[in-house]
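Trainee: Listed here are the chains, written in short residue letters.
Number of protein chains: 2
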Amino acid sequence: MNVNGRHYRTIWLNADGWAVDIIDQTKFPHVFEVVTLRTPEEAAFAIKDMLVRGAPLIGVTAAYGMALAMRQDASDAALEGAYELLVKTRPTAINLKWALDGMMRVLKPHAAGGRAAQAYARAAAIAEEDVAINQAIGRNGFAIIRNIAARKGPGETVNILTHCNAGWLATVDWGTATAPIYTAHDAGIPVHVWVDETRPRNQGASLTAWELLHHGVPHTVIPDNTGGHLMQHGLVDMAIVGTDRTTARGDVCNKIGTYLKALAAHDNGVPFYVALPSPTIDFTVVDGVREIPIEQRGGHEVSHLTGRTEDGRIETVEIVPRGSKVANYAFDVTPARFVTGLITERGVIAANREAIARAFPERAAQ
Amino acid sequence: MNVNGRHYRTIWLNADGWAVDIIDQTKFPHVFEVVTLRTPEEAAFAIKDMLVRGAPLIGVTAAYGMALAMRQDASDAALEGAYELLVKTRPTAINLKWALDGMMRVLKPHAAGGRAAQAYARAAAIAEEDVAINQAIGRNGFAIIRNIAARKGPGETVNILTHCNAGWLATVDWGTATAPIYTAHDAGIPVHVWVDETRPRNQGASLTAWELLHHGVPHTVIPDNTGGHLMQHGLVDMAIVGTDRTTARGDVCNKIGTYLKALAAHDNGVPFYVALPSPTIDFTVVDGVREIPIEQRGGHEVSHLTGRTEDGRIETVEIVPRGSKVANYAFDVTPARFVTGLITERGVIAANREAIARAFPERAAQ
Chain A
12 MNVNGRHYRT IWLNADGWAV DIIDQTKFPH VFEVVTLRTP EEAAFAIKDM
62 LVRGAPLIGV TAAYGMALAM RQDASDAALE GAYELLVKTR PTAINLKWAL
112 DGMMRVLKPH AAGGRAAQAY ARAAAIAEED VAINQAIGRN GFAIIRNIAA
162 RKGPGETVNI LTHCNAGWLA TVDWGTATAP IYTAHDAGIP VHVWVDETRP
212 RNQGASLTAW ELLHHGVPHT VIPDNTGGHL MQHGLVDMAI VGTDRTTARG
262 DVCNKIGTYL KALAAHDNGV PFYVALPSPT IDFTVVDGVR EIPIEQRGGH
312 EVSHLTGRTE DGRIETVEIV PRGSKVANYA FDVTPARFVT GLITERGVIA
362 ANREAIARAF PERAAQ
Chain B
12 MNVNGRHYRT IWLNADGWAV DIIDQTKFPH VFEVVTLRTP EEAAFAIKDM
62 LVRGAPLIGV TAAYGMALAM RQDASDAALE GAYELLVKTR PTAINLKWAL
112 DGMMRVLKPH AAGGRAAQAY ARAAAIAEED VAINQAIGRN GFAIIRNIAA
162 RKGPGETVNI LTHCNAGWLA TVDWGTATAP IYTAHDAGIP VHVWVDETRP
212 RNQGASLTAW ELLHHGVPHT VIPDNTGGHL MQHGLVDMAI VGTDRTTARG
262 DVCNKIGTYL KALAAHDNGV PFYVALPSPT IDFTVVDGVR EIPIEQRGGH
312 EVSHLTGRTE DGRIETVEIV PRGSKVANYA FDVTPARFVT GLITERGVIA
362 ANREAIARAF PERAAQ
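Taken in sequence, the protein lines are chains A and B. So the first sequence is numbered by this note's numbering: it starts at 12 and just counts up by one. So the second sequence is numbered by this note's numbering: it starts at 12 and just counts up by one.
Looking at chain A on its own, in the form it has when it is part of the complex (with noise of 0.2 Å):
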């Protein structure tokens, strides 16, 4: 998508042929900011420290981290230390898992002399595939925009409310969530987007409403506790939200909050729907709630929060009670009975067991 009228991905390789350049999304969305990753420490640290964020652009980093790794030191022990590193950087991220494992897979076997190189090789093709499905979703969820857009009045609006980022920003390009919404703006269809905040991080107001706003789509920032009134009086006409990790059944597991909005959209009859690329689901796992672990995230994310001053200046500051104690558990789940459908690179599939295995007979009948 563009920035400053350039065309940017969100992980691209550094002129040198070798670094692996990246966005600052710490920064959003005051200042932007490319950082270059040298080392698969760094990119650890870009991963664990959210520079990059979003289930497949993190899965993209890590591969990219292996590369890295590759390059200083090639051996078995490396590879292995590699992985390490990498793997514990988001324990909830089911596609960092994915993106690792299937490096060890193409790695391992040849001689060390010919690792860096398929490393790299194999990270382009992560990212390129990333960029397909997201397309794929975008085709997918514009049928079912379309079709809303068919049944209001010519020229009214489509209201779209997202939580959290599942935007360009959180992929190599497109994004999962905003992958349909982008591909009706583009195709003149009028959508409107009510962007939750997304405390405590802010995705929200801070990268969906920047995305957004570079690319033209009409949105409103909202704080989180808004959906469900605006639900209540039928300025939602959809919901649609990423996830971090779905599991066999279609329990989704996405940002904090998510499960709240699912619960309005159905008190309402609003359709709610999940974008996903087919890597988050997780065949392993049936009961999101009960088997899922929930990763719990420093305090300092809640009671502290960071902004521009009025004189341009970014600065932080404090918002709890010194003495109060704060907690910031980092994503919930959303059971599959709350889900309209799955918008996924292959269609968009009933949030059942027998659906899902149906669509990914491959991945289930592992």
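Note that these hints are calculated values from the structure, not bench results. Some hints here could point you the wrong way.
Label pairs and their calculated CB-CB ranges [to be verified]:
1) B:R357 - A:K99: 55 to 63 Å
2) A:G166 - B:R357: 49 to 57 Å
3) B:R364 - A:T168: 32 to 40 Å
4) A:T50 - B:I325: 50 to 58 Å
Covered stretches of chain A (in silico footprint by chain B; criterion: 3 or more residues with CB under 8 Å from a CB of chain B, positions within the stretch not fixed) [to be verified]:
5) 213-223
6) 315-321
7) 334-348
Think of the CB as a built atom: it goes at the ideal place given N, C-alpha and C, for glycine as much as any other residue.
Given chain A's structure and the hints, the job is docking chain B onto it.
Mentor: Then chain B, alone, in the frame of chain A:
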């Protein structure tokens, strides 16, 4: 309740015997500052700009605003003018109109000469009545907490979730939603409060956390997105919230986001209670979602946030990209079907028309 070891109410007569002192709640949680109101315009400003907030405290402040007006000029025109000025400050707060209408009933029949003294006496009576009501709410809600504690193991903590601030800072003393909590805590029942941050104005993080901290009640501040996850995992025994306006059938208008927590409580079998002084019941309204106008406030409250920098300055930062629209709906309505019970000064009442009318026959019949 206590602040720095000294007992305070939230509104009291200044030492000069006629001006009115309040605590500037916009400065919380980092600064504790008393402000003196000397004119009805200052009282209106204090309500409109939320130096005071919370339905009961708004009512008392408006009543004292009338008293300040009568001290300046006790003519019929001034009486009408002060009413008009004050009634417009917060359109959703039913207590405001209730308190002002009561003042008008008392003051109108009097000759101008007696109005100021009558106004002060009536405002003081409203304040005393609020304290007595909240103490009764505390006793009635305490019985619920005690029952939950009795079903748990000995010494096990009762976890209570609350949203926004229906605490002593929202009333003259004790609070509404917090009155049962303070009563249980003081009685030695181990309670722990999950405090919703309550975006966009952060009344939970700024006010509820602050007052619980000063009273010594264990608590944890959480982003508004978190409550559903906690309920899914058995970490919430009950929810208690306040309300700005409850309809004749028990629909509850409260701070935006309350509805989402009620949905999650319902989905997880967690009792969801609303604590309210009966003046906040509006018997003229039945269907809350359709009939209650929801105040929209300035976008600045969403796009900017104030806190304390590391070196102790109070600073406001912008957290939404320039160019992105924001929306700021202040309240939502929780339909009565999601409310386990209404904790009032006359006992815990089922949230339906018959039960409410039975408890308050003198008002329901009007």
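Trainee: Hint by hint, note whether the structure agrees.
Mentor: Each hint, compared with the structure:
1. For the hinted restraint 55 to 63 Å between R357 of chain B and K99 of chain A, the CB-CB distance of approximately 57 Å keeps it satisfied.
2. Separation of G166 of chain A from R357 of chain B is about 54 Å and conforms to the stated range, judged on CB atoms against 49 to 57 Å.
3. In this structure the supplied range 32 to 40 Å holds for R364 of chain B paired with T168 of chain A, their Cβ-Cβ distance being about 38 Å.
4. The hint said 50 to 58 Å for the Cβ distance between T50 of chain A and I325 of chain B, and at roughly 41 Å that hint is violated.
5. With a cut-off of 8 Å between beta carbons, the region 213-223 of chain A has 6 residues touching chain B; three or more are needed, and the interface restraint holds.
6. Note: the region 315-321 of chain A has 7 residues with beta-carbon separation from chain B under 8 Å; the three-residue rule is met and the coverage holds.
7. For the region 334-348 of chain A, the stated coverage by chain B is satisfied: 10 residues place a CB nearer than 8 Å to a CB of that chain, which reaches the threshold of 3.
Hint 4 from the list above is the single one not met by this structure.
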